[in-house]
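Colleague: Input sequences plus hints: build the corresponding full structure.
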Amino acid sequence: MSLARIPALLFILGCFAANVVNALYFYLEGNEKKCFIEDLPKETMVIGVFRSEQLSANGQTWQENKDVKIDVSVEVLPQGHKLVEASYHSSDRFVFTSLDSGDHAICLSAASNSWFDNTKTKLYLDMDFDDPSDNHDHNSEAVPDLVRRVHELNERVEDIQIEQNAQREREKEFRNLSELINSRVVWWTIAQIIVLGVVCVWQMQYFKNFFVAKKLV
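Heads up, the sequence shown is in the numbering used here, so the first residue is 196 and it goes up one at a time.
No wet-lab data here; the hints were simulated from the structure.
Treat the hints with care, as some may be off.
Said to hold, decoys possible - Below are the DSSO-like pairs computed for lysine-lysine, each with C-alpha atoms no more than 27 Å apart in a straight line:
| no. | residue 1 | residue 2 |
| --- | --- | --- |
| 1 | 228 | 264 |
| 2 | 315 | 409 |
| 3 | 277 | 409 |
| 4 | 277 | 228 |
| 5 | 367 | 315 |
| 6 | 261 | 317 |
| 7 | 229 | 261 |
| 8 | 277 | 264 |
| 9 | 403 | 367 |
| 10 | 367 | 228 |
| 11 | 264 | 315 |
| 12 | 264 | 317 |
| 13 | 228 | 261 |
| 14 | 237 | 277 |
| 15 | 237 | 317 |
| 16 | 229 | 367 |
| 17 | 317 | 277 |
| 18 | 367 | 237 |
Modeller: Here it is, written out as structure tokens:
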């Protein structure tokens, strides 16, 4: 293999690795709630697809329980505004669009009617972040595997572009805030100089009148 092909191979492997890392799973004990904090750009559509499994009666295998409900809530931090608060089926999806850029708490829990329920739930979660103007078909089964992967890589490139735009927006806000603070500091310094000048003139006039009154001058 020539050295020129190594960077291209590493790039392809990295892209496939990114495709695998996007999905995750975690465990819930009883009605335990797990939350994820995502810093989302403004007007970003988030699509969450999840699937839950619970231990079988013998405790050996994980099986899907159609009767279990998954509670999902999405909250804007630190305002506390709820974008999503609903119960879903054991395998389902939720969709929401961020109204403003910032942190969003995405919380999931297995609904339970008992406070002492210690049933262990395994929850698979896959989240995709898209521009609302896009109209991708995320459930197409007929697309060949290679085409599907290329499509997912293109989506990740779009996610990176959205994140870069959000970063530029945050930098612009920070720059405007810095300029505002600097201008206020400058005006405060000018105001202090004016006040000190007025006080000095008043003191000189006062002492002049005092010395004249005492016939010292």
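Colleague: When the structure is checked against the list of hints, which entries are broken? Sort them ascending.
Modeller: 2, 3, 5, 9, 10, 15 and 16
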